[in-house]
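Colleague: The residues making up each chain are set out below.
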Amino acid sequence: MSATPATHTTSTKSAERRLIDCRDAYSKTLEAMAEQDARVCAVVNDSVSSTKLKNFKSRFPNRFVNVGIAEQNMVGVGAGLANGGMVPYVCGASCFLTARAMEQVKVDLGYSKSNVKLCGMSSGMAYGELGPTHHSIEDMAWTRVIPNLTVVVPADPLETAAAMRYSLEHVGPMFLRISRMPVPEVHGGNYQFELGKAVVLHEGDDVTLMANGVMVSRALEAAESLASKGIFARVLNMSSMKPMDVDAVLHAARTTRGIVTAEEAFAAGGLGGAVAEILAVRHPVPMRILGVPDVFAPTGSAEFLLEHFGLTARRIEEAVLDLLGVKK
Amino acid sequence: MAGRATLLYILIAMIRTIAYLCNEWGKPMEAANRETGRGSSKSASWLQEQANIIRLSAMTMTNHSGLGHTGGDLSASDILATLYLGDVLRVNPMEPMWPQRDRFIMSKGHCSGAFYSVLAAKGYFPKELLATFMDPLSRLNGHPDRNKLPGVEANTGPLGHGLPIGVGAALAARMRGESWRIFVLTGDGELQEGSNWEAAMTAQHYNLDNLIVIVDRNRIQQGDFTEKTIRMDPVAPKWAAFGFAVEEVDGHDHAALLDVFSRVPIAPGKPTCIIANTIKGKGISFAENEPAWHHGVPTKEHLALAARELVIEVGE
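Residue numbers (my numbering), protein chains in the order written: chain F, 244 to 571; chain Z, 389 to 704.
Please note that a few of the clues may not be correct.
Unchecked claim - In silico SDA-like pairs for lysine to any residue, Cα to Cα no more than 20 Å straight-line:
1) Lys570(F) / His551(F)
2) Lys658(Z) / Asn305(F)
3) Lys536(Z) / Pro524(Z)
4) Lys440(F) / Tyr354(F)
5) Lys536(Z) / Lys616(Z)
6) Lys356(F) / Met485(Z)
7) Lys440(F) / Glu412(F)
8) Lys658(Z) / Asp280(F)
9) Lys300(F) / Asn595(Z)
10) Lys356(F) / Asn595(Z)
11) Lys356(F) / Gly631(Z)
12) Lys536(Z) / Trp585(Z)
13) Lys616(Z) / Asn677(Z)
14) Lys658(Z) / His690(Z)
15) Lys536(Z) / Glu274(F)
16) Lys356(F) / Pro484(Z)
17) Lys356(F) / Pro546(Z)
18) Lys536(Z) / Tyr354(F)
19) Lys536(Z) / Leu517(Z)
20) Lys536(Z) / Pro390(F)
21) Lys536(Z) / Lys300(F)
22) Lys658(Z) / Pro546(Z)
Said to hold, decoys possible - Sample of chain Z residues with no beta-carbon within 12 Å of chain F, all distances over it, derived:
23) Gly454
24) Leu477
25) Arg478
26) Ile493
27) Pro514
28) Asn535
29) Leu551
30) Glu566
31) Glu586
32) Val623
33) Ala629
34) Asp638
35) Ile654
36) Gly657
37) Glu676
38) Asn677
Note that these hints are calculated values from the structure, not bench results. Don't be surprised by glycine CBs; every beta carbon is placed ideally from N, CA and C.
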């Protein structure tokens, strides 16, 4: 396909990669930060085990607040803790943390510029069979339109830890979307998180794949498969949802033939939408937006649902072939 | 043309009122300092005067903006005057972000007219700023914004936000081992928001006796009397059942307010709830206990009448 040789990872296939739950990286990092900084505290809504904070609770009992099953209060309490000079990490299942407390997120955090970090756990469709009540796939559309709220979707444990450490330096409200679906490491050991920067994980100039969270490793897999067909895809980890790396998006539009986005969220209002908003005005190019369509998910495991909604390496690859007009 | 003349008249009247208020505020401070009230160096009669000045100021601001919440401004004026001008709150307007300050959270943020007026009276910003209430690009938004105005601790307006924030601040003081206190003023209709009761449960569980909730029990919400809208009585036992030490007080009696504020926490180990029984529209005959005045906008005639009733000489 491409005349330009492109470097790409020739590492092991994903099936052979070790899969890790990002929550461990998040909770270990939070403990390490609490050890170093007396301002760090945690707020939960009963979910001590699903937020993996049992250890934190026993190590820092005076900086651990469990408000019970009360998300509006939980986010407000976070704002109050910040007012009192603490740096609260407000942790809960992403579906409840965002939907149940949306007005508090908007007013008490975004509008107020409170220095509160929201950790939306088990985001996306990680809760699989529990059903749409427990899926958090609206959260991208909801959080990214709130002024002052920074939104980060880490792709692997390394990035989760790096984003957590960054969040303590960042002054202002942040939403960290943390999955419980085991994922492979996609970054090298010396990876540094930089807010507002897309991370190039795979070079290529035929097409650009943009993904975040659990979809990043799938985009990489698609790129590897495409490379074997002579199609070289650039893969960008768009973990920094907001602020978004506008330059990287425009550069991709100018230097490749089109963009395929993939996210474990409603296609409306998420990563694909954010990229399209930039490109429609500044540099329109062919796009394919892979995400969940305008339906509630049927019953099934997280893996089943990703497959069901075409959020797989194979379907990303098909979208690329379709975009480039290549017969399958 | 007649419309323009009226506008001009209103403008002149407004400027006069504000000029008067700016001049009058704080003037009797020295006299008041000599005449002490319970638990404060300020006398109840001086606080009454200050509260009435706040009332007229809030009404003048609402007349200016054409929007506002007169009824609630008037019911809360005595509470606000006592807290700030009665020196209940340990705050320093010269250093609004002093880390050891008491936090006052105006959960009934729609009553910004009275709130801004008392902040100005306390010296957080020049009183002249009050004349810009809700003007384009004014720092005095319809509901308070802590990033625009010193002295504002929380952005409120949507109801049921203040108490959870207060609980968080109380927890922060506890974690830091500091002795500052948190006062939250809520409306009574506001208590229909469930977030208050979520926060109340947290406050009692963590024994937050550095938290004081004041309920402005004026018995009227936007649409009607609270008891006709959604029955709330009895209010005090609800708070008691949620683990608060509760005391009822006449929310227009400055001496009684000073007294109860001087005794907080009223039970060690428990958060305090002070139910201030008030009259919506207090002090103004046409607005008192009148649901329509929840967000009624006073005309210049109303202002003149109000000034007379509040015994404030505005001049010609």
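Colleague: For each hint, tell me whether it holds in the structure or not.
Modeller: How the hints compare with the structure:
Between Lys570(F) and His551(F) the CA atoms are separated by roughly 23 Å; this puts the pair beyond 20 Å, and the hint is violated. A C-alpha spacing of about 18 Å is found between Lys658(Z) and Asn305(F), which places the hinted pair at or below 20 Å, so the restraint holds. This hinted pair checks out: Lys536(Z) and Pro524(Z) have alpha carbons roughly 14 Å apart, not beyond 20 Å. A C-alpha spacing of about 24 Å is found between Lys440(F) and Tyr354(F), which places the hinted pair above 20 Å, so the restraint is violated.
Restraint check: the Cα-Cα separation between Lys536(Z) and Lys616(Z) comes to about 37 Å, which exceeds 20 Å; the hinted pair is violated. For the suggested pair Lys356(F) and Met485(Z), the alpha carbons sit about 15 Å apart, so the restraint of at most 20 Å is met. Only pairs whose Cα atoms come within 20 Å are accepted, and Lys440(F) paired with Glu412(F) is accepted, the gap being roughly 17 Å. At most 20 Å may separate the alpha-carbon atoms for a hinted pair to count; Lys658(Z) and Asp280(F) exceed this at roughly 30 Å.
Straight-line distance between C-alpha atoms of Lys300(F) and Asn595(Z) comes to about 19 Å, which keeps the hinted pair within the 20 Å bound. Distance restraint check for Lys356(F) and Asn595(Z): the Cα-Cα separation of roughly 28 Å exceeds the 20 Å cut-off, and the hinted pair is therefore not satisfied. Taking the CA atoms of Lys356(F) and Gly631(Z), the gap is about 32 Å. The hint is violated against a cut of 20 Å. About 29 Å separates the Cα atoms of Lys536(Z) and Trp585(Z), which puts this hinted pair outside 20 Å; it is violated.
Using a Cα cut-off of 20 Å, the hinted pair Lys616(Z) and Asn677(Z) holds, with the two alpha carbons roughly 14 Å apart. Using a Cα cut-off of 20 Å, the hinted pair Lys658(Z) and His690(Z) is violated, with the two alpha carbons roughly 44 Å apart. Restraint check: the Cα-Cα separation between Lys536(Z) and Glu274(F) comes to about 35 Å, which exceeds 20 Å; the hinted pair is violated. Note on Lys356(F) and Pro484(Z): the hinted pairing holds, with a Cα-Cα distance of about 17 Å set against a maximum of 20 Å.
Between Lys356(F) and Pro546(Z) the CA atoms are separated by roughly 16 Å; this keeps the pair inside 20 Å, and the hint holds. Among the hinted pairs, Lys536(Z) with Tyr354(F) is consistent with the structure: their alpha-carbon atoms are about 11 Å apart, no more than 20 Å. Annotation: proposed proximity of Lys536(Z) to Leu517(Z) holds, straight-line Cα distance about 12 Å (limit 20 Å). At most 20 Å may separate the alpha-carbon atoms for a hinted pair to count; Lys536(Z) and Pro390(F) meet this at roughly 16 Å.
Between the alpha carbons of Lys536(Z) and Lys300(F) the distance comes to roughly 37 Å, so the proposed pair goes past 20 Å and is violated. With a C-alpha separation of about 27 Å, the suggested pairing of Lys658(Z) with Pro546(Z) is violated against the 20 Å cut-off. Under the 12 Å C-beta cut-off, the non-interface status given to Gly454(Z) relative to chain F holds; the minimum distance is some 24 Å. Look at Leu477(Z): its CB is around 15 Å from the nearest CB on chain F, clear of 12 Å, so calling it non-interface holds up.
Every CB of chain F is more than 12 Å from the CB of Arg478(Z) (nearest about 15 Å), matching its label as outside the interface. With a closest Cβ-Cβ approach of about 8 Å to chain F, Ile493(Z) is found to fall inside the 12 Å limit, against its non-interface label. The beta carbon of Pro514(Z) sits about 24 Å from the closest Cβ of chain F, which is more than 12 Å, so the claim that it is off the interface holds. For Asn535(Z), the requirement that its beta carbon stay farther than 12 Å from each beta carbon of chain F is not met, with the minimum near 6 Å.
The claim that Leu551(Z) lies off the interface is violated: its Cβ sits roughly 8 Å from the closest Cβ of chain F, which falls inside the 12 Å cut-off. With a least beta-carbon separation of about 8 Å from chain F, Glu566(Z) fails to lie farther than 12 Å from that chain, contradicting its non-interface assignment. Against chain F, the non-interface label of Glu586(Z) is violated: not every CB pair exceeds 12 Å, the least being about 4 Å. Distance to chain F confirms Val623(Z) as a non-interface residue, since its nearest Cβ pair spans about 20 Å, more than 12 Å.
The claim that Ala629(Z) is not at the interface with chain F holds, since no C-beta of that chain comes within 12 Å of its own (minimum 16 Å). The beta carbon of Asp638(Z) sits about 29 Å from the closest Cβ of chain F, which is more than 12 Å, so the claim that it is off the interface holds. Chain F leaves Ile654(Z) outside its interface by the beta-carbon criterion, the shortest separation being 22 Å against a cut-off of 12 Å. Every beta carbon of chain F lies more than 12 Å from that of Gly657(Z), the smallest distance being close to 17 Å; the non-interface claim holds.
Residue placement check: Glu676(Z) keeps its beta carbon more than 12 Å from all beta carbons of chain F (closest about 32 Å). Non-interface status of Asn677(Z) relative to chain F is upheld: no Cβ of that chain comes within 12 Å, the nearest being about 31 Å off.
When each numbered hint is compared with the structure, violations occur for hints 1, 4, 5, 8, 10, 11, 12, 14, 15, 21, 22, 26, 28, 29, 30 and 31.
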